[in-house]
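J.: Each chain is listed here by its residues.
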Amino acid sequence: MASLSPSLKKNVLRHESLLLLVLLLEFAFLCLYARNFGTPDNLSNVVRHSAEIGLLALAMMPVILTGGIDLSVGSLMGLCAVLFGVLTHDYHLATLPAAAVTLAAGLFAGGFNAFLITALRLPPLIVTLGTYSLFRGLAEAITQGTKTYRAFDPAFLSLGETRWFGVPLQAWILTAAAASFYLLVHRSTFGRSFRAIGFSPEGARYAGLSVQSRTALPYLLTGLVAALAALLFTARLRQARADAGTGYELCAITAVVLGGTSIFGGVGTLPGTLAGIAAIAVLTNGIGRVPAVFKAGIGGELASLLTGALLLVALAGPELARVLSTRSAKISPSPKTL
Amino acid sequence: MRQPLLRLSQITKSFGAVRALKGVSFELHPGEVHALLGENGAGKSTLIKVITGAHQPDGGTLEIGGTTVSNLTPTRARKLGIACIYQQPALFPDLSVSENIGLRLEGGAFFAKVHWKQRRKNADALLARIGAALDPETPVRSLSMPEQQLVEIACALGSGAKTVIMDEPTASLTQVEQELLFGVVRDLRASGAGVVYISHRLEEIFALADRVTVLRDGQSISTRAVRSELGAMELTEEELISLMVGREVASIYPHRGGSPGETVLELENVCCAAGGIANISLAVRAGEILGLAGLVGAGRTELARVLFGITPADSGTIRLLGRNVQVRSPQQAVSLGIGYVPEDRRRHGVILPMPIAENMSMAVHPKLFPGKWLRFEAERALGLRFIEELGIKAYGPEAPGGSLSGGNQQKVSLARWLATEPRLLILDDPTQGVDVGAKSEIHRIIRDLAAKGLAVLMISSDLPEVLGMSDRIAVMRGGRLVETFEGSTATAQRVMSAALRPS
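So the protein sequences, as listed, match chains A and B. Per the working numbering, the very first residue in the first sequence carries number 2; after that it's consecutive. Per the working numbering, the very first residue in the second sequence carries number 966; after that it's consecutive.
Since the hints were derived computationally from the structure, they do not count as laboratory data. Heads up, some of the hints might be wrong.
Now the in silico label distances, taken between C-beta atoms and shown as ranges [as the list claims (entries may be wrong)]: (1) B:S1109 to A:Q145: 57 to 65 Å; (2) A:L184 to B:K1332: 17 to 25 Å; (3) A:L121 to B:Q1052: 44 to 52 Å; (4) A:N46 to B:K1358: 51 to 59 Å; (5) B:E1386 to A:Y92: 53 to 61 Å; (6) B:P1104 to A:S134: 56 to 64 Å; (7) A:V314 to B:D1413: 29 to 37 Å.
Virtual Cβ for every residue (Gly too), placed ideally from N, Cα, C.
Construct all of the structure, not just a fragment, from the sequences and the given hints.
T.: Have a look at this one:
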């Protein structure tokens, strides 16, 4: 927080405290009305099922903070899952080396995005839109679109169920990742550079920051994290298929933006992203357990409907309030930061 | 007395904390060329934007053709007969000249048919009227800047504007084109239109203008007739300059320092095709301020960008403290001890939404945060130190850069580079858009730095500043260094003529 300017701090914190309030209300409502929502078992499930998207969102946050975007993470998850399947099944690699190669491949794929974006100065949206198709296409080509890998080492598959001190492994991983990304974004010079680049790449360059390498780093991390998510996903579902992680990139972006990070870069906090992840995860799990009377005849789609509505309200609310107050008070608009 | 075309009284306008206009009164009569004169940042551009409806004034009244107008919009201003020719023509580059003129002048309607022949004839006629030998079918992209300006003027003529505003129209014109333009201005005057003519070139004002209004620090200081009824000159250059700066030029600059020390920077035949500069050779010594003068576009900023590694040199030698160096990136420049306070403060100098302490620490991350972990106390201390040392007016190190006035932002930009303890400091128009008070403070700071042994390369478009501050003055023109003066021998006349003389 110390790295935020006061005027922004006010806005961001307002947004984040609002989100926290929504999250609490959501939670309270679901505990009261949803079947078995508040049980320890179910809460573990919430974490287990949202771990992959949560990880992707954590990694996505610094990317968006630099003013970029990575649409390829979901597809890369699919590619990494398939790669892991091929390595263990067709090349008979043991789990650990196979996992290591998969992580390296994720890093490499992230590096490919980073290279195109920083060295060739192509827009991140276009580059990762390209690799979004490319990675998924590769995964499908390897499996011919049909093959599913199932015969994994039981020790690996048990990871999906493992608990330490009664808490699912995914929760530990998510916590460790959140702490690491928090330190990166809020406590290191890297995070400071991300923010500066997000506000003004030219301004950062004139300040002598190494804009290229600092812009590249978040994409390397999304690549690595996508590979990690692919491994967790494979262990949890006990199978690896080319369609792993389909649509996850959008969920991750939604969580980040819902968490108060500006899509234009510069503004945002990691705790906000965590709140965004939690809001979506809780909603997705809880809504299925709510009695029909609350659902107005809409079935499972209600979760995505509400997520969308929440996002739009969260984004439009402060803007609307600002526009209205400007209209009535005739205050000059706040300095353009986005 | 005829009804004035335009009457502004006590116009005020603020942007956040910056008061750009503090009370400007101005009148334009039909058949008059009224020059608007003022230093950079005196409020000329803001005033034009108020007249053309791009900005709404906060206070004061604006009368057009005798009626008070409020909530003026650009569209409405155009309908009321106000046309503006900006320094940077705002044409559609991929459309032809006649299409551009047509778009400005023809009223649109749904499913209206385009009369191509009529449009072309119209364009031909307008271009002929201003004596421009342009084919109306040429795409605007292939025209030079002055040619594009002629198209703008044709548009203004075609719209039948009664009030034509010209914002430094000759900045990029050659002698011949300039004569052409003067002819157009005189024609306009003869036809009963009023022209607001903005230029830094005093000789143009004496050649063209009937009256001149001087702006200083957002206020109209004085309106004077250039000639008497009988045609005799009523005004001298010296009078105008002292009206502009408000004080005697010599007295406002700090005293020059002692004798300079070792050579810090030495350039030999430095070329950079991308920046359009060639064969630059110069030297800057420790404790010396080398002023770099020249017109806008002469290649001064481009030279600075070469030295700072933004557009690296193609050939030539750069020697820093006697050692040959290559500067291929800003990071490298920083590590070599070069600091650069850029021209465009709001885009490059300060990252406006970020706190000023973060702006100041940005170039010293490796030094201030050796383990890559931020140290907030150290950063805050750095911020407080420079707020104190440079007299920055801000509520604290955590104040965002954008909340400061222009002069204070400039000090933040300066602080960022002082924090690196550079050997060579390049300043690019350091007091541009800065109010007079902050300006003299910045001058004092620069002089102090030089006295402490820093080598300073100061680019400035402000002639009195170059003359007042520099120990030596180098003049650039067309991407080349054309002349170097010792500070004591330089005069405004000599520097200007070196900058202007056609090669």
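J.: None of the hints should be skipped; say for each whether it holds.
T.: The hints, checked one at a time:
no. : hint                          : result
1   : B:S1109 to A:Q145: 57 to 65 Å : holds, 60 Å
2   : A:L184 to B:K1332: 17 to 25 Å : holds, 21 Å
3   : A:L121 to B:Q1052: 44 to 52 Å : violated, 34 Å
4   : A:N46 to B:K1358: 51 to 59 Å  : holds, 56 Å
5   : B:E1386 to A:Y92: 53 to 61 Å  : holds, 56 Å
6   : B:P1104 to A:S134: 56 to 64 Å : violated, 36 Å
7   : A:V314 to B:D1413: 29 to 37 Å : violated, 55 Å
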